[in-house]
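Enquirer: Put together the whole structure using the sequences plus the hints.
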Amino acid sequence: MEILKLFFLLFISSSFLITSCKDDDDQDPCSNDFDQVALFTNVADNIILPSYEELKSKVDELSTKTQNFTSTPDESGLNELRIAFKEAYLVWQRAAQFEFGPAEDVFLKNSINNFPANMSQIQFNIENETNNFDQPDTYDQGFPALDYLLFGIAGSNDVLETLKVNAENIDKEKHKKYLSDIVSVMQSKVTQTHDTWKNGYRDSFVTKTGTAAGNSLSQIINSWNENYELIKRNKIGVPSGVLDLNFPLADKVEAVYSGISSSLAVEALNASLSLYLGKGKDGIDRVGLDDFLNEINAEKNEKTLDEVIQEQFANAINAVSALPDPLSEAIENDEMPTVLAYNEITKQVINIKTDLPSVLCISITYVDNPSDSD
Amino acid sequence: MLSKNSIKKIIWRFIDSPVGIIPLVRFRILFGCLMMLGAIRFIQEGWIEKLYLEPRYFFKFYWFEWVRPFDEKGMYILLFTIIVSATMVMLGFFYRMAIIMFFVSFTYLELIDATNYLNHHYLVCLLSFLMIFLPANRAFSIDALIWKKIKTDRVPSWTINILIFQLTIVYTFAGIAKLNYDWIFNAMPLAVWLPEREGIPILGYFFQFKWVAFLMSWAGAFYDLTIAYFLMYSRTRPIAYFFVVVFHLMTWLLFNIGLFPWIMILSTLIFFPDKTFSSDLKNTFGKKMQVALEDKKRNFNSIKRQILIPFLGVFMLSQLLIPLRHFLYPSNIFWAEEGYRFSWRVMLVEKSGQAIFTLKDPNTNRQTEIINSRYLTTFQEKQMSIQPDFILQFAHYLKYEYERTHGIKNPIITVDSHVALNGRVSQRFIDPNINLAEVKDSFFPKKWVLDFKY
Chain A
1 MEILKLFFLL
11 FISSSFLITS
21 CKDDDDQDPC
31 SNDFDQVALF
41 TNVADNIILP
51 SYEELKSKVD
61 ELSTKTQNFT
71 STPDESGLNE
81 LRIAFKEAYL
91 VWQRAAQFEF
101 GPAEDVFLKN
111 SINNFPANMS
121 QIQFNIENET
131 NNFDQPDTYD
141 QGFPALDYLL
151 FGIAGSNDVL
161 ETLKVNAENI
171 DKEKHKKYLS
181 DIVSVMQSKV
191 TQTHDTWKNG
201 YRDSFVTKTG
211 TAAGNSLSQI
221 INSWNENYEL
231 IKRNKIGVPS
241 GVLDLNFPLA
251 DKVEAVYSGI
261 SSSLAVEALN
271 ASLSLYLGKG
281 KDGIDRVGLD
291 DFLNEINAEK
301 NEKTLDEVIQ
311 EQFANAINAV
321 SALPDPLSEA
331 IENDEMPTVL
341 AYNEITKQVI
351 NIKTDLPSVL
361 CISITYVDNP
371 SDSD
Chain B
375 MLSKNSIKKI
385 IWRFIDSPVG
395 IIPLVRFRIL
405 FGCLMMLGAI
415 RFIQEGWIEK
425 LYLEPRYFFK
435 FYWFEWVRPF
445 DEKGMYILLF
455 TIIVSATMVM
465 LGFFYRMAII
475 MFFVSFTYLE
485 LIDATNYLNH
495 HYLVCLLSFL
505 MIFLPANRAF
515 SIDALIWKKI
525 KTDRVPSWTI
535 NILIFQLTIV
545 YTFAGIAKLN
555 YDWIFNAMPL
565 AVWLPEREGI
575 PILGYFFQFK
585 WVAFLMSWAG
595 AFYDLTIAYF
605 LMYSRTRPIA
615 YFFVVVFHLM
625 TWLLFNIGLF
635 PWIMILSTLI
645 FFPDKTFSSD
655 LKNTFGKKMQ
665 VALEDKKRNF
675 NSIKRQILIP
685 FLGVFMLSQL
695 LIPLRHFLYP
705 SNIFWAEEGY
715 RFSWRVMLVE
725 KSGQAIFTLK
735 DPNTNRQTEI
745 INSRYLTTFQ
755 EKQMSIQPDF
765 ILQFAHYLKY
775 EYERTHGIKN
785 PIITVDSHVA
795 LNGRVSQRFI
805 DPNINLAEVK
815 DSFFPKKWVL
825 DFKY
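Going down the list, the sequences are from chains A and B. Residue numbers for the first sequence follow this note's numbering, beginning at 1 and rising by one. Residue numbers for the second sequence follow this note's numbering, beginning at 375 and rising by one.
It is possible that part of the hints are untrue.
[To be verified] Derived Cβ-Cβ restraints for the label pairs, each shown as a range:
#	chain 1	residue 1	chain 2	residue 2	range
1	A	Asp45	B	Ile576	55 to 65 angstroms
2	A	Thr207	B	Phe580	18 to 28 angstroms
3	A	Lys347	B	Glu446	34 to 44 angstroms
4	B	Trp437	A	Glu127	56 to 66 angstroms
[Unchecked claim] Straight-line alpha carbon distances no greater than 30 angstroms define the calculated BS3-like cross-link-like pairs of lysine-lysine that follow:
#	chain 1	residue 1	chain 2	residue 2
5	A	Lys303	B	Lys584
6	B	Lys584	B	Lys814
7	A	Lys347	B	Lys725
8	B	Lys821	A	Lys300
9	B	Lys783	A	Lys252
10	A	Lys303	B	Lys821
11	B	Lys525	B	Lys383
12	B	Lys821	A	Lys347
13	B	Lys827	A	Lys347
14	A	Lys300	B	Lys725
15	A	Lys300	B	Lys783
16	A	Lys303	B	Lys827
17	B	Lys584	A	Lys300
18	A	Lys208	B	Lys584
19	A	Lys303	B	Lys383
20	B	Lys734	A	Lys347
21	A	Lys208	B	Lys725
22	A	Lys347	B	Lys814
23	B	Lys734	A	Lys252
24	B	Lys821	B	Lys734
Honestly, the hints are just simulated from the structure, not real lab data. No residue lacks a Cβ here, since even glycine has one placed at the ideal position from N, Cα and C.
Expert: In structure tokens:
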């Protein structure tokens, strides 16, 4: 009995040890009342599928133009091919943020847009008629390699010369072959991703509710964040020099030869915002993550978290929009605007990578715990 | 006031009275077996590579900065040492040497990278340290077969009570730690973790309801606070043990906590006394006393005992005080984590954050943002961004790295860091104006960690 008394005493006294912190007014963390199926259906039908459809049609177009050009290479063919390249690259920015499920299975992002391209590797591949496209992490394929082949070889005027059909010049044949190979790999991976989404994956995606890792909500938030960080680091951060003691690395921008880096970055940020708002290609704002945040009354610094995020998206998009194309030249002249744009992009990360998952009670799973916890 | 006589009685009862050796032997065999399996699992999961070979930097424990990882061969030798010594402990083969070997090798492994700190690994260190002083090899062991003289069926009661005491400390402090606002009134962090386990058959269905998180939070706190005492009391012991098994199987099912449930399920068997021995003696006090006196003469060197008992007494006292040290710090313990480790604060917070370091060369005014993943694994980065001492250590490492690779002397290192705790939005964590390169770590309150506001 004495022991029970002792324990009771301990119980009472320990309740005094309760650390009192204030209740956070009306916020309701981890509420699971919102309609996840509505969100997933909107994201799948109005954002993801249309993005893949458009990407597929643009890459098909790119493939047609490539075939046309390689069979009869002339100036107008090259121009058409270049336009098709730019259009497809722009559309890719919207499709890039869904790297899970079907896209992850074919390493879509790494196959299509690992930049900066490794020029010496590309030259080596062309000369030796090899490639390692089936490796997931190479820098010799996709848009960056096309950027180099179509815009970059020894200055833009020589590109046509290099690629012009010329039966007696075996090197040119090799170039054309490499060009076609890249495009056909892109086409097959995009087609496969698109078809898998359409035939079955979409239907399971919209039903995978809950907050567990691997369910749709966590997939959307994780891949959205991963993509945002790639925009921040690769498109803007690395070239601006903020990551390398203020020594700008202008030639590491995306699309360095075609010179459309800023447009691509703006498009990518807009795509990121649209996904957050649940806004489809038709411009109609439907159920998005913003509605979830508002439903649980998430607040930050005396504003709603939604306001904070939207404001910061606006700041980031404005700052990047102010950067002229070609970005590499702009950075060489004065890297400060790019550095400032980088800072605006960076300020958003805490809101969308820490705050949003925290109040929605989703763990960021691309940071994996390799061992036990306790 | 306790009379001299009653003090004597207490000492007799908890320290010197003879009790059956079976609980101690059972503990030794199960502990050795579990540790052996745990180390094999560690290798099989590829954790030597992931946790000790892949990282290029390791976070240190204060006072143990000198601990270094070995190369691949060395790490495997360390793990094999753990496996072999655990097996020897299990078999009771050169027991004293084996348990010392186990304690040293296991503790060394745990000290290499503070990122991997786990409360139950700390418990293993403590238990194996205590076992060095326990005569757990005096029955059912190879040692007792070889050296027949050491064989015995009874031991002084302190050898078992000290383990009971240690486990009671673990449960009680784990329970007290749960009596905080978030756990009791917000069901945090279980309200985050349970819905993530919706996929579990049958049980998973209930995890979508918030009352379940509350129920489990309250039940968990009650369990931790009371279970050790119910285990002490012979009438409640069987039902209490049933709850031990149920509770820990639940945690095993729900969370990725490895060996912890099994350690607790098996070690709490120490609460079950050796019935055969006490019935032999018919519980007669006089007879017991006589046996003890004989034992004292025969087996227990009284000088050794007179040094050992006070030493272990002080050790156990420290175990009572260490978990309370956070009262010496003004900060919120879940936020600043001052006094957090070694205090049985188990599964109490859902924390995430980010730490963006900027390093500035004061001579050229050039500055650079640090890509943490160049130096840390994703797991290390995650842990670093929520623990102030890691943030400081990493800043010091950056200072060293940039001096080594870029020749930058006396860099100014600041951090832009935010942390979100238990379903809240983030708050700024570290004073962004502090040059971390010049801050020394110590046991004094970390003034550069900002206050937890809400």
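Enquirer: Hint by hint, say whether it matches the structure.
Expert: The hints, checked one at a time:
1. Here the CB-CB span from Asp45/A to Ile576/B is close to 33 angstroms, at odds with the stated 55 to 65 angstroms.
2. Range check, Thr207/A to Phe580/B: about 20 angstroms between beta-carbon atoms, so the 18 to 28 angstroms window is met.
3. Restraint check, Lys347/A to Glu446/B: a C-beta distance of roughly 42 angstroms satisfies the suggested window 34 to 44 angstroms.
4. Roughly 59 angstroms separates the CB atoms of Trp437/B and Glu127/A, a value that falls within the hinted 56 to 66 angstroms.
5. About 27 angstroms separates the Cα atoms of Lys303/A and Lys584/B, which keeps this hinted pair within 30 angstroms; it holds.
6. For the hint pairing Lys584/B with Lys814/B, the CA-to-CA distance comes to about 44 angstroms; that exceeds 30 angstroms, so the pair is violated.
7. Distance hint between Lys347/A and Lys725/B is fulfilled; the C-alpha atoms sit about 20 angstroms from each other, no more than 30 angstroms.
8. Between Lys821/B and Lys300/A, the direct Cα distance comes to roughly 24 angstroms. Compliance with the 30 angstroms bound is thereby established for this hinted pair.
9. Taking the CA atoms of Lys783/B and Lys252/A, the gap is about 29 angstroms. The hint holds against a cut of 30 angstroms.
10. Among the hinted pairs, Lys303/A with Lys821/B is consistent with the structure: their alpha-carbon atoms are about 28 angstroms apart, no more than 30 angstroms.
11. Restraint check for Lys525/B and Lys383/B: satisfied, since their Cα atoms lie roughly 28 angstroms apart, inside the 30 angstroms limit.
12. Distance hint between Lys821/B and Lys347/A is fulfilled; the C-alpha atoms sit about 25 angstroms from each other, no more than 30 angstroms.
13. Among the hinted pairs, Lys827/B with Lys347/A is consistent with the structure: their alpha-carbon atoms are about 21 angstroms apart, no more than 30 angstroms.
14. Annotation: proposed proximity of Lys300/A to Lys725/B holds, straight-line Cα distance about 17 angstroms (limit 30 angstroms).
15. Pair hint Lys300/A plus Lys783/B does not hold up; C-alpha atoms about 39 angstroms apart against a cutoff of 30 angstroms.
16. With a C-alpha separation of about 16 angstroms, the suggested pair Lys303/A and Lys827/B falls inside the 30 angstroms cut-off, and the hint holds.
17. Between Lys584/B and Lys300/A the alpha-carbon distance is near 24 angstroms, which keeps this suggested pair within the 30 angstroms criterion.
18. At most 30 angstroms may separate the alpha-carbon atoms for a hinted pair to count; Lys208/A and Lys584/B meet this at roughly 20 angstroms.
19. Only pairs whose Cα atoms come within 30 angstroms are accepted, and Lys303/A paired with Lys383/B is rejected, the gap being roughly 66 angstroms.
20. Using a Cα cut-off of 30 angstroms, the hinted pair Lys734/B and Lys347/A holds, with the two alpha carbons roughly 20 angstroms apart.
21. The suggested pairing of Lys208/A with Lys725/B holds, with an alpha-carbon distance near 25 angstroms, which does not exceed 30 angstroms.
22. Using a Cα cut-off of 30 angstroms, the hinted pair Lys347/A and Lys814/B holds, with the two alpha carbons roughly 29 angstroms apart.
23. For the given pair, Lys734/B sits about 23 angstroms from Lys252/A by alpha-carbon distance, which is consistent with the 30 angstroms threshold.
24. Between Lys821/B and Lys734/B the alpha-carbon distance is near 22 angstroms, which keeps this suggested pair within the 30 angstroms criterion.
Checked against the numbered hints given earlier, the structure breaks hints 1, 6, 15 and 19 and satisfies all the rest.
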